[in-house]
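Chemist: Turn these sequences into a full structure, and let the hints guide you.
Heads up, the sequence shown is in UniProt numbering, so the first residue is 1 and it goes up one at a time.
For the record, the hints were derived by calculation from the structure and aren't laboratory data.
For each residue, glycine too, the CB sits at the ideal point set by N, CA and C.
Errors might be hidden in some of the hints.
[Unchecked claim] The calculated label-pair distances, taken between Cβ atoms and stated as ranges, are:
(1) Ala309 to Glu78: 48 to 56 Å
(2) Arg168 to Arg279: 14 to 22 Å
(3) Glu189 to Asp232: 53 to 61 Å
(4) Ile110 to Pro249: 19 to 27 Å
(5) Ala253 to Arg320: 18 to 26 Å
(6) Leu49 to Leu139: 29 to 37 Å
(7) Glu78 to Pro228: 43 to 51 Å
(8) Gly48 to Lys18: 12 to 20 Å
(9) Gly298 to His199: 18 to 26 Å
(10) Asp232 to Ala12: 48 to 56 Å
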Amino acid sequence: MITPTPLMRLVAGVWGFKTLAVGVELGLFTRLAGGRTMTVEQAAAEFGLPDRPADLLLAASASLGLLEKSGDGYRNTELAEQFLVEGRPYYFGAQVRYSDLRTYLPWHRIGEALRTDRPLTWDPEAQQSMFDTADPEMLAQFWDAMFSTSSFTASALADAYDFSAHRRLLDVGGGAGAFPIEFCRRLPELRATVLDLPHVCVRARERIAEAGLTGRIDAAPGDFLADPALPDGHDVILLSMILHDWDEPTNRALLARCHAALPAGGAIVVCELLLNDERTGPPEAALMGMNMLVETEGGRNYSGAEYAAWLTDAGFVDVRTVPFDAPGANGAVVARRP
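Modeler: Here it is in structure tokens:
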């Protein structure tokens with residue numbers, strides 16, 4: 001018999017997110033790193049909470065698969081230990097914090113975005129794009145969030161697609177360099193360039209230096225939307241979580257510049273949360289499309305078939321989709337310049 005229970009689970013989705021977000025804000029999972037357990041009384045004392053809220057937080061976190069009970073205490077599950085402890089290679093907490101501080105409240109006005117077709121997290125009359133802002137705190141939150149999401153996504157992509165056939169990578173709109181850092185750690189012969197806005201390149205150089213890859217990964221200031229041409233000298237171009245920010249004409253123009261920048265035999269890799277061809281899911285891709293309504297002027301999530309058609313029209317051949325599972329993408333559409 002059909003029941004409204006699935007609808008109640010959707011209603012409760014925000015409760016789950018905010019439980020995760022407050023756990024990250026308090027540093028709960030970081031304090032439990034390395035197998036430490038924490039009782040309700042200890043949590044109350046450490047976080048300055050009354051016993052009842054401390055009990056409810058730990059129980060709710062356990063229900064979400066973030067904590068597990070051990071005697072009278074709670075400890076991290078493997079999920080929390082790997083991805084919610086600060087300092088871990090694929091720490092995901094920055095994405096949680098950004099979503100909580102930047103997009104959560106604007107999402108409360110989603111009806112306004114639907115009616116006006118205007119973003120809610122920034123003002124198009126005052127800024128050229130969401131990436132153009134004088135707010136250093138917001139910028140730091142955004143790029144840390146993107147690095148957080150991109151690091152594991154890069155690892156999953158590297159498992160699914162063999163970059164060893166390439167010698168020089170151009171990461172268009174590469175942010176702080178999470179993808180080339182992951183690839184170059186795996187492939188000693190690979191060199192890479194991150195192309196992004198000047199202030200983003202500053203952050204990229206910091207991350208690259210922290211990874212010990214200065215000299216193998218460059219950060220080239222530029223604007224991939226406004227510059228007439230992309231840097232040449234690369235045999236593979238990566239567009240990861242880029243095209244969902246823009247409308248179809250903008251994306252087609254960018255793919256044409258990618259084609260022009262590649263040598264014969266060069267490859268392009270479009271890494272995204274791909275909709276199915278019927279545009280009915282999966283939820284991660286469809287809901288990210290709704291988030292593009294909140295955060296961009298023309299962005300949306302596209303299907304693999306749409307990307308394949310654009311790539312073919314731009315002159316690429318041997319178009320194929322490589323599926324994988326990651327927080328920032330579920331597949332890559334790969335093609336070659338003949």
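Chemist: Does each hint fit the structure? Answer for all of them.
Modeler: Hint check:
1. Ala309 to Glu78: 48 to 56 Å: violated (41 Å)
2. Arg168 to Arg279: 14 to 22 Å: violated (36 Å)
3. Glu189 to Asp232: 53 to 61 Å: violated (20 Å)
4. Ile110 to Pro249: 19 to 27 Å: holds (25 Å)
5. Ala253 to Arg320: 18 to 26 Å: Given range 18 to 26 Å: holds, Cβ gap about 23 Å.
6. Leu49 to Leu139: 29 to 37 Å: Hint holds: Cβ distance 32 Å, inside 29 to 37 Å.
7. Glu78 to Pro228: 43 to 51 Å: With Cβ atoms ~49 Å apart, the hint holds.
8. Gly48 to Lys18: 12 to 20 Å: holds (19 Å)
9. Gly298 to His199: 18 to 26 Å: Holds, since glycine 298 and histidine 199 (Cβ atoms, about 23 Å apart) stay within the stated range.
10. Asp232 to Ala12: 48 to 56 Å: Cβ of aspartate 232 to Cβ of alanine 12: about 51 Å, so the range 48 to 56 Å holds.
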